[in-house]
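A.B. asks: One letter stands for each residue in the lines below.
There are 2 protein chains.
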Amino acid sequence: MQNNLSIYNSLTRTIEPFNPLHPPFVGLYVCGPTVYSDAHLGHARPAVTFDILYRYLLHLGYRVRYVRNITDVGHLENDADEGEDKIEKKARLEHLEPMEVVQKYLNTFLKNMEQLNALPPSIEPRASGHIIEQIELVKKILEKGFAYEVNGSVYFDIVKYSQKFHYGKLSGRVLEDLQENTRIIGGKDEKRNPFDFALWKKATPEHIMRWPSPWGEGFPGWHLECSAMSTKYLGEVFDIHGGGIDLQFPHHECEIAQSAAALGNESVRYWMHNNMITINGQKMARSLGNFITLGQLFSGNHPLLHQAYSPMTIRFFLLQAHYRSTVDFSNEALIAAEKGLKKLLKASVTLKNLKPSKESSIDIVSLKARCYEAMNDDLNTPLLLSHLFEAVKLINSAADGSSGMTADEIKETGDLFNTFVFDILGLTDESENKSDEKLTSELMKIIMDLRLEARNKKEWAVSDHIRAELKKAGIMLNDTKDGVTWERD
Amino acid sequence: MQNNLSIYNSLTRTIEPFNPLHPPFVGLYVCGPTVYSDAHLGHARPAVTFDILYRYLLHLGYRVRYVRNITDVGHLENDADEGEDKIEKKARLEHLEPMEVVQKYLNTFLKNMEQLNALPPSIEPRASGHIIEQIELVKKILEKGFAYEVNGSVYFDIVKYSQKFHYGKLSGRVLEDLQENTRIIGGKDEKRNPFDFALWKKATPEHIMRWPSPWGEGFPGWHLECSAMSTKYLGEVFDIHGGGIDLQFPHHECEIAQSAAALGNESVRYWMHNNMITINGQKMARSLGNFITLGQLFSGNHPLLHQAYSPMTIRFFLLQAHYRSTVDFSNEALIAAEKGLKKLLKASVTLKNLKPSKESSIDIVSLKARCYEAMNDDLNTPLLLSHLFEAVKLINSAADGSSGMTADEIKETGDLFNTFVFDILGLTDESENKSDEKLTSELMKIIMDLRLEARNKKEWAVSDHIRAELKKAGIMLNDTKDGVTWERD
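Chains as they are written, first to last, in the numbering used here: chain A, 443 to 931; chain B, 443 to 931.
Hints in this document: simulated from the structure, not taken from any laboratory.
Where is the CB? At the ideal position from N, CA and C, for every residue including glycine.
Hints may contain errors.
Pair ranges (Cβ atoms, derived) [unchecked claim]:
(1) B/T870 / A/S729: 35 to 43 Å
(2) B/N520 / A/S604: 53 to 61 Å
(3) A/H501 / B/G916: 33 to 41 Å
Full structure from sequences and hints, please.
C.D. replies: Shown next, in the form of structure tokens:
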């Protein structure tokens, strides 16, 4: 299979041609959420970024196995090896079994993903569902001599690993610097070196999520699940691993180390990272009061929001920036995105109603080629959108009569919209789906007023005709002594 | 907490008062689907039955932990101990990884449950996610002497178990009869007795879903997961276990045996079973050509269906029968259900628009009491519905002026509908949610025709007024030389 797709590989820090290991198959693994609270803005960006990648690979004809994990155990507070498990802490606060917490927030996350029109992954494996696989991986790393057991916990030995492999190759961190930095925090640790990380943690007596292991009862370290599950479902070497850039270190660096230690070689061929979202120029954090969940965003229910923003507005907003750029959220930027999206979708409707002219105004072959070029250039969605807005301009000038489009051009431009706007960018016209109760009642008011006027003028035929037409549309009028009411049949 | 709920306990074959072990908490476990194909009619009945139970328990003020499992490994063809795993077989046929099959059909199942307005369970554990727990349970049963290992598989020893416990107490099967029946099928089995069942099966070399165990690589027997997961999330003794009556034997009988063997006592206090669905008097089976998936039912896309039936029609249809009665699906019965549901929901709208009268016609206190009595009598939903249709009759006669309802009665009847129709029976008015594009276009056609007529009569003020009113409703009219078109703003 041939393609001209190039993607930025975080590992080599260059844009590389994308050549999968076993075409037409592509293995794609993306780090999913830790399901201990409502999905927020930060979850929308990787969801949309890797959905675009997935959609584009499918469009190019690849058979993609897209695995996105659900972290439901082992992710401790502060992303470090100490502190409470994030899910257990929430379970304690909400008086729930940890798996009730997981189910609740998993349901919300999946709902939000559907709202954002992100396609469901092929497999959504859960960390707690792969404890055996993780234990087997720890055993392998121990056998190879890159880990050590202390008091029922197992740690990865970074010094030992660094003698044979390059720890820090993804993130660019240098071992000596890490040594300097972590020495200060370290202290009464049972690790040989403070920057070593846990593969398996001994469970304290009050810890709920625990499993038997060769080292006693415990639970897996956070980084372990992704190495275990990606290789289980995609093979020991696979094509693409994606995630947010905040996961590059330590999470992804540790994944590389785990796989290399256990297998003797790295598993991932292309590492892809989406950049972060800021809010009004600030990092999003609960302590700053600018923490916005997707539910709040869609309903407008947050002090920082001037209005509700629909899932498609958020999606469009994110696509206006390249996935490797930072993006700043503000009401102004979102309102602009809302307008832009509306303009794009409206042009698609205008196009359908366009009367063909003999005059030609659009070089559709070149436009289409440039759309592909933009996507092939590391998924350059802002550039793609600017090409699509060229088409919008031409459609609108054809509509107002200042230029024209031939029947063929109208058809081909329609195909272009279907391919790029709807299939690849995954945008949808939300107004087509949403409930129209309000509009129905407004239209009914207009009709009822017109009918009343006809009756006042004793135009009984008109009044009866309206009643008959409404009946055909499934609406019954009831004349009562207080006036006319209507209801659906 | 006080309640008057009684439920039929399949174990004692009597209707018993429901007294949970640790009020206000209730532990509820229901057997979920084996996700290897689209959810069908047979899945709708337990989904609705136990959703009603869950909703009613919540309504009574209980804090319910509702666990419904997902079987994604170990369920072999013919529900027996031999043959291919149902999911692996489908994976082979569809050229997918088994967990891709699981994800695909799990997504469809959950979508269907949402369409049927069945509330999501508190926890949806998966068999493949609890292999360690299942291995630990097998170890316990082996330790207690009620199982034996042969060639890497472990079987439950029913003869040994029967010396201490009563195998067959739930289903009423008699060991001697089982012995007679299975001897004929048995043969070259490695089991001591042909009716013994597998706790752990050795994986053949081509078997994909496999895990290491003390007995070599293998996978759990089908019955094991429910014992392991129910006690993990609900405790060693818990309140209610539900499922379809087809699961009573061998599945639930084996669950009882596993728990009793491992723990020394049974785990489940109340066993509840919903009865089966037949189609035009026949059992549903792929071989009979009457196998209808929920997707087909909702779209009408099956040769046996005269039309599409909405999820709420199906739900209402099931509620018209007691859950312990069989139910026969036919187009006639479904069309009748569709009408009944419409009548019920219409009355709820009529009620809202009713003008209070001074005259009283309804004994709302008695009606409400009878509604509770019906639910308390083993969830007698058909009786409940007949009470609610009494209210419908009164509402309609108040609406046509032949009787009256006071303001208080209108309010209390509204509360009654909210409680029983919407909260407890979980019915919704689908017309409120569905897309109204069709209606909008029909209403717009009526308005445009009226406007055209006004213009033909040169009533410019009317024509301009209509344009202005539409604009307020968000609809723009475009006069073109070919006529008037409209679009949303």
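A.B. asks: All hints, please: hold or fail.
C.D. replies: Against the structure, the hints:
no.: 1; hint: B/T870 / A/S729: 35 to 43 Å; result: holds, 41 Å
no.: 2; hint: B/N520 / A/S604: 53 to 61 Å; result: holds, 55 Å
no.: 3; hint: A/H501 / B/G916: 33 to 41 Å; result: holds, 34 Å
In this structure, none of the earlier numbered hints is contradicted; all agree with it.
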